[in-house]
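Novice: Take a look at the letters that make up each chain.
Number of protein chains: 2
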Amino acid sequence: MKKHNFSAGPAILPQSVMQEASEACIEFNGMGMSILEISHRSKQFDAVELEARQLVHEIGGFDDRFAVLFLSGGASTQFALAPMNLLKEGEKAAYVDTGVWASKAIKEAKLFGKAEVLASSKDSNYSFIPKSYDIPSDAAYLHLTSNNTIYGTQLHEFPKSPVPIVCDMSSDMYSRPFDVEQFGLVYAGAQKNLGAAGVTIVIVRKDLIGRSERQLPSMFDYKLHLENGSMYNTPPVFSLYVTMLTLRWLKEQGGLAAIQKHNESKAAILYNEIDANPLFKGTVAVEDRSLMNVCFLPTNADHEAPFMEMAKAAGIDGIKGHRSVGGFRASIYNAMPQSSVQVLVDVMREFAQKNG
Amino acid sequence: MKKHNFSAGPAILPQSVMQEASEACIEFNGMGMSILEISHRSKQFDAVELEARQLVHEIGGFDDRFAVLFLSGGASTQFALAPMNLLKEGEKAAYVDTGVWASKAIKEAKLFGKAEVLASSKDSNYSFIPKSYDIPSDAAYLHLTSNNTIYGTQLHEFPKSPVPIVCDMSSDMYSRPFDVEQFGLVYAGAQKNLGAAGVTIVIVRKDLIGRSERQLPSMFDYKLHLENGSMYNTPPVFSLYVTMLTLRWLKEQGGLAAIQKHNESKAAILYNEIDANPLFKGTVAVEDRSLMNVCFLPTNADHEAPFMEMAKAAGIDGIKGHRSVGGFRASIYNAMPQSSVQVLVDVMREFAQKNG
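Line order of the protein sequences matches chains X and Y.
Each residue of the first sequence is one higher than the one before, counting from 1 in the working numbering.
Each residue of the second sequence is one higher than the one before, counting from 1 in the working numbering.
Simulated from the structure, these hints should not be mistaken for lab results.
Heads up, a few of these hints could be off.
Note that the list lumps identical chains together, so a pair holds whenever it fits in one copy or between two copies.
[Unchecked claim] Result set (DSS-like, lysine-lysine): computed pairs, CA atoms no more than 27 angstroms apart in a straight line:
1) K104 <-> K43
2) K312 <-> K43
3) K43 <-> K320
4) K107 <-> K88
5) K43 <-> K2
6) K43 <-> K3
7) K223 <-> K104
8) K88 <-> K114
9) K281 <-> K320
10) K223 <-> K107
11) K110 <-> K223
12) K3 <-> K281
With the hints as extra help, turn the sequences into a complete structure.
Specialist: Dropping the structure here:
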């Protein structure tokens with residue numbers, strides 16, 4: 001039976017990407033070897049890194065004032081690397097606390113300076129995105145989390161900021177257009193919209209690199225990675241290759257404007273059903289609803305198990321909500337087809353008919 | 001034409017591993033999904049991590065006094081994490097400088113304390129392993145590099161040390177038995193003998209974790225990774241899976257004693273030819289010759305290009321020596337079959353017949 005993969009991440013990838021990745025594990029690019037065994041110094045892999053980098057630029061629509069790095073360690077490593085690279089000794093950075101991951105970013109920043117929390121929705125279990133706060137102009141940067149995977153909230157408009165924005169876009173990077181000019185640093189683990197787990201995409205304004213003036217271990221220094229084209233040491237070859245394939249696919253889909261339409265359309269189908277169906281309800285402020293992670297609860301808690309069972313029977317996988325929210329979470333990243341969202345909606349309707 | 005992959009790393013993997021990895025990119029473990037899209041919190045992936053961890057213990061023959069972690073960032077990240085986790089403020093660590101990678105490890109350690117270099121073979125372009133040095137008993141640890149990929153030297157006997165040994169085993173871990181009792185910390189990027197690039201295997205004595213008493217960023221703290229079973233954040237799922245497959249294969253080969261025999265046999269065939277063939281010569285002290293990376297030069301520099309051409313014509317790939325040594329380097333890791341080494345030796349003989 002066909003599975004509909006609503007997992008929050010690692011998450012569904014385009015079928016064509018998985019097919020091509022599978023083939024490359026046997027034979028890559030006519031080399032007579034597997035992508036798993038080739039040198040990262042080969043011209044064939046150089047071409048992979050270059051194409052991935054150029055595609056990040058091209059799809060994002062920005063020039064070489066920004067560096068594109070492919071690192072490892074996930075966004076959690078960037079929580080530390082951002083202040084290590086951008087925050088001078090004694091300076092402060094501004095943070096908005098919109099969830100567990102934002103909190104973790106704040107915790108790491110405190111090891112390197114002052115982290116001023118401008119606003120938090122923690123008391124409401126992060127069910128909305130705080131919007132009215134002043135951004136101190138003496139902060140080194142403003143740190144935001146654009147999409148909160150666990151709670152299903154998303155920042156639909158970035159604030160005007162007097163200081164560069166540093167943004168964890170792990171769960172919505174390249175799911176919609178964004179104006180990179182506002183940002184000093186953007187980072188995302190690949191495993192939502194940009195590939196398989198194991199590589200982290202970093203976009204950083206070149207003139208901010210080295211800003212902290214700290215003496216950093218080599219691997220934590222953006223400067224070194226820029227100078228070495230993300231190949232100071234062996235990069236995560238296969239993960240970077242899968243990211244390149246995913247970026248190619250994204251370009252073929254028409255880029256960010258086209259994928260945004262696709263994502264809006266999918267999310268509308270699902271949120272409309274949540275609002276219309278008496279057996280379900282959303283969990284977050286309507287204006288902050290995420291186009292990536294759609295969280296909802298059964299209006300009757302007893303319905304949780306039987307609905308999950310009916311969904312499973314329809315091939316739906318990965319919709320169990322995070323323990324801190326409960327209920328259900330349907331993650332509908334770029335590669336999620338509308339037809340799979342429709343299957344979920346159909347099950348919700350069928351469930352309501354049987355139990356309503 | 002069949003390729004014989006002598007690449008220094010990423011390097012040849014067992015054919016069965018690449019085949020199984022390829023299949024898992026389409027369908028993993030009967031889940032109806034690809035390994036690239038499944039949650040790292042799924043019970044199926046939990047089983048992968050657990051099996052990999054247990055295999056590291058079982059094949060290495062050590063118990064739970066040692067933790068096994070699967071991290072990212074390669075050995076270069078461990079160059080910093082070792083002192084960050086094990087070296088107290090004001091303490092010193094002892095290092096032996098056996099190559100570029102050892103030098104890089106020394107550089108990182110200096111950011112966190114005193115790094116005393118006990119011995120170095122730099123003046124001889126690292127063509128031997130220094131052996132006569134005193135290990136200070138007040139050092140926090142002794143850092144060694146067990147195999148020097150670039151130069152083709154290998155430590156065939158670890159010194160008796162009054163302090164725990166920290167060892168970068170990136171290019172020979174699990175190519176031979178070793179007694180873990182002497183070690184405080186062992187680390188290796190997977191991409192030589194243990195899988196594909198993207199995951200780093202760390203073995204650390206549990207009672208040394210937290211020794212430095214430093215307040216570390218979460219992702220740089222062994223304690224946090226131990227507490228979270230290497231899944232504090234999303235691990236490099238696919239790379240860890242390939243490592244598990246490679247460890248399974250290694251166990252099937254008979255484990256470390258058996259693979260050592262296999263490796264000794266392959267290396268002997270090649271070194272014997274280098275010593276017997278008048279057109280080639282070895283580059284390092286005979287007693288320090290690596291079983292993993294066999295470096296050799298043409299006795300006549302003019303022979304370099306034509307030999308390379310003849311080797312290529314025979315399907316031999318990746319034998320160009322590192323620029324700092326020149327000539328040729330045949331990397332013959334665990335997965336390299338003896339038949340491929342024989343192809344190389346045959347070409348060397350044929351070349352000597354034609355040009356001798």
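Novice: None of the hints should be skipped; say for each whether it holds.
Specialist: We went through each hint and held it up to the structure:
1. K104 <-> K43: Cα proximity of K104 and K43: across copies only (25 angstroms, versus 39 angstroms in one copy).
2. K312 <-> K43: Result: close only across copies, 16 angstroms inter versus 45 angstroms intra.
3. K43 <-> K320: Only across copies: K43 and K320 sit 14 angstroms apart there, 44 angstroms inside one copy, limit 27 angstroms.
4. K107 <-> K88: both (17 angstroms within a copy, 23 angstroms between copies)
5. K43 <-> K2: So K43 and K2 pass the 27 angstroms test across copies only (20 angstroms; inside, 38 angstroms).
6. K43 <-> K3: between (38 angstroms within a copy, 17 angstroms between copies)
7. K223 <-> K104: Both. Shortest intra-copy (24 angstroms) and inter-copy (17 angstroms) distances satisfy the 27 angstroms Cα cut-off.
8. K88 <-> K114: both (10 angstroms within a copy, 25 angstroms between copies)
9. K281 <-> K320: within (15 angstroms within a copy, 63 angstroms between copies)
10. K223 <-> K107: both (24 angstroms within a copy, 17 angstroms between copies)
11. K110 <-> K223: Answer is both: 22 angstroms inside a copy and 19 angstroms across each meet the 27 angstroms cutoff.
12. K3 <-> K281: For K3 and K281, the Cα distance is within 27 angstroms only inside one copy (25 angstroms; across copies 58 angstroms).
Checked against the numbered hints above, the structure breaks none of them.
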